[in-house]
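A.B. asks: Quick mapping for you: the protein sequence lines, in order, are chains V and X.
Read in order, the letters of the first sequence are residues 424 to 586 in the numbering used here.
Read in order, the letters of the second sequence are residues 424 to 586 in the numbering used here.
These are calculated hints, taken from the structure and not from any lab test.
It is possible that some hints are incorrect.
Which copy is meant is left open, so a pair is good if it fits within one copy or across any two.
[Said to hold, decoys possible] Computed cross-link-like contacts, EDC-like style, restricted to lysine to aspartate or glutamate with a CA-CA straight-line distance of at most 20 Å: (1) LYS513 / ASP564; (2) LYS513 / ASP562; (3) LYS567 / ASP443; (4) LYS513 / ASP471; (5) LYS513 / ASP525; (6) LYS542 / GLU497.
Model, not experiment: these values are computed from the prediction.
Here is what each chain is made of, one letter per residue.
2 protein chains.
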Amino acid sequence: MPIDENLTDFSETVRPEWVDYNGHMNVAFYVLIFDHATDAFLEQIGMDQNLRDTTGSSVFVAESHITYTNEVMEGERVRVTSRLIAHDQKRLHMFLEMFREDGLLAATIELMILHVNLKTRKVGPFPDDILHNVSNHADQDADKPLPSQLGHVISIPSSSNKT
Amino acid sequence: MPIDENLTDFSETVRPEWVDYNGHMNVAFYVLIFDHATDAFLEQIGMDQNLRDTTGSSVFVAESHITYTNEVMEGERVRVTSRLIAHDQKRLHMFLEMFREDGLLAATIELMILHVNLKTRKVGPFPDDILHNVSNHADQDADKPLPSQLGHVISIPSSSNKT
Numbered sequence: 424m425p426i427d428e429n430l431t432d433f434s435e436t437v438r439p440e441w442v443d444y445n446g447h448m449n450v451a452f453y454v455l456i457f458d459h460a461t462d463a464f465l466e467q468i469g470m471d472q473n474l475r476d477t478t479g480s481s482v483f484v485a486e487s488h489i490t491y492t493n494e495v496m497e498g499e500r501v502r503v504t505s506r507l508i509a510h511d512q513k514r515l516h517m518f519l520e521m522f523r524e525d526g527l528l529a530a531t532i533e534l535m536i537l538h539v540n541l542k543t544r545k546v547g548p549f550p551d552d553i554l555h556n557v558s559n560h561a562d563q564d565a566d567k568p569l570p571s572q573l574g575h576v577i578s579i580p581s582s583s584n585k586t
Numbered sequence: 424m425p426i427d428e429n430l431t432d433f434s435e436t437v438r439p440e441w442v443d444y445n446g447h448m449n450v451a452f453y454v455l456i457f458d459h460a461t462d463a464f465l466e467q468i469g470m471d472q473n474l475r476d477t478t479g480s481s482v483f484v485a486e487s488h489i490t491y492t493n494e495v496m497e498g499e500r501v502r503v504t505s506r507l508i509a510h511d512q513k514r515l516h517m518f519l520e521m522f523r524e525d526g527l528l529a530a531t532i533e534l535m536i537l538h539v540n541l542k543t544r545k546v547g548p549f550p551d552d553i554l555h556n557v558s559n560h561a562d563q564d565a566d567k568p569l570p571s572q573l574g575h576v577i578s579i580p581s582s583s584n585k586t
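Bound-form chain V, shown alone:
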């Protein structure tokens, strides 16, 4: 996968089979690109195929919140930035932004990620060296302001909830 020099930067091109009847990238494939970007982040902190093969240490997504802001078309190359919002011994709270080639924000995703052992399928603490890498990364992100999309609740105000 193509990874920029920046630790938290990832880019990918929209495939023809990801486009739906509206002529733009389907909602599911934003999530797939965000998942690839999350994988790239995880590899940088040591959560890679070798670790999975030797220890069974992996992650599952428990929850996500996505905002779709601008359409993305076939063949477009999008860039994704990742940041760590919070963590504990077994969880990562992450936030990723996807940008179009013209610089406009395409989408955001907020993720709750759990450390899981693939042999038992149970949640448990990250290995110590991974946790060390997570803590180092958390320090880098600590001073950034929180994104406005974080924790947004989906609703239609009841005053407009009629036809």
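Using the hints provided, position chain X relative to the given structure of chain V.
C.D. replies: For chain X alone, kept in the frame of chain V given last:
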């Protein structure tokens, strides 16, 4: 697409190419199945390919919130139920649940859906006859209790936000 007799029931089988390195359906393809189930719901209220072709009337997803509760494996057939939480003249607030063959909840998605004209790519009111169908459907769902996943905010309590 296979649609059960029940208006809001949809089912689909997990394809091999939807499985990731964890040996289960990747997060993106839950969203794809939910999108297919949403399409089935929309077709039932008249938002189909014929309407798109003749009027440009379609929908875009603006925001979604997903909870992943249980893994789903290759070849498994999942069932999705859909319900309307709220609506106004140009928006649908929907909630869908995905169930495994053993009856366990696999995932939920909460969606904010916007009516869009594909020619202008602008948000605007649903056609009158569609809005009539939406209102009829809303009446059917009005007395059901709200799902616990609705509006849940992703967070790690700060007391555990250290390693």
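A.B. asks: Look at each hint and say if it fits the structure.
C.D. replies: A quick look at each hint next to the structure:
For the homomeric pair LYS513 and ASP564, the shortest alpha-carbon distance inside one copy (19 Å) is at most 20 Å, but the shortest distance between copies (38 Å) is not. Taking identical chains as interchangeable, the C-alpha atoms of LYS513 and ASP562 lie at most 20 Å apart only when both belong to the same chain, with a minimum of 17 Å there against 43 Å between chains. In this assembly of identical chains, LYS567 and ASP443 lie within 20 Å of each other by CA distance neither inside one copy nor across copies; the values are 36 Å within and 32 Å between. For a Cα distance limit of 20 Å, the shortest separation of LYS513 from ASP471 inside one copy, 17 Å, qualifies, whereas the shortest one across copies, 44 Å, does not.
In this assembly of identical chains, LYS513 and ASP525 lie within 20 Å of each other by CA distance neither inside one copy nor across copies; the values are 37 Å within and 28 Å between. In this assembly of identical chains, the alpha carbons of LYS542 and GLU497 lie at most 20 Å apart only when taken from different copies (18 Å versus 38 Å within one copy).
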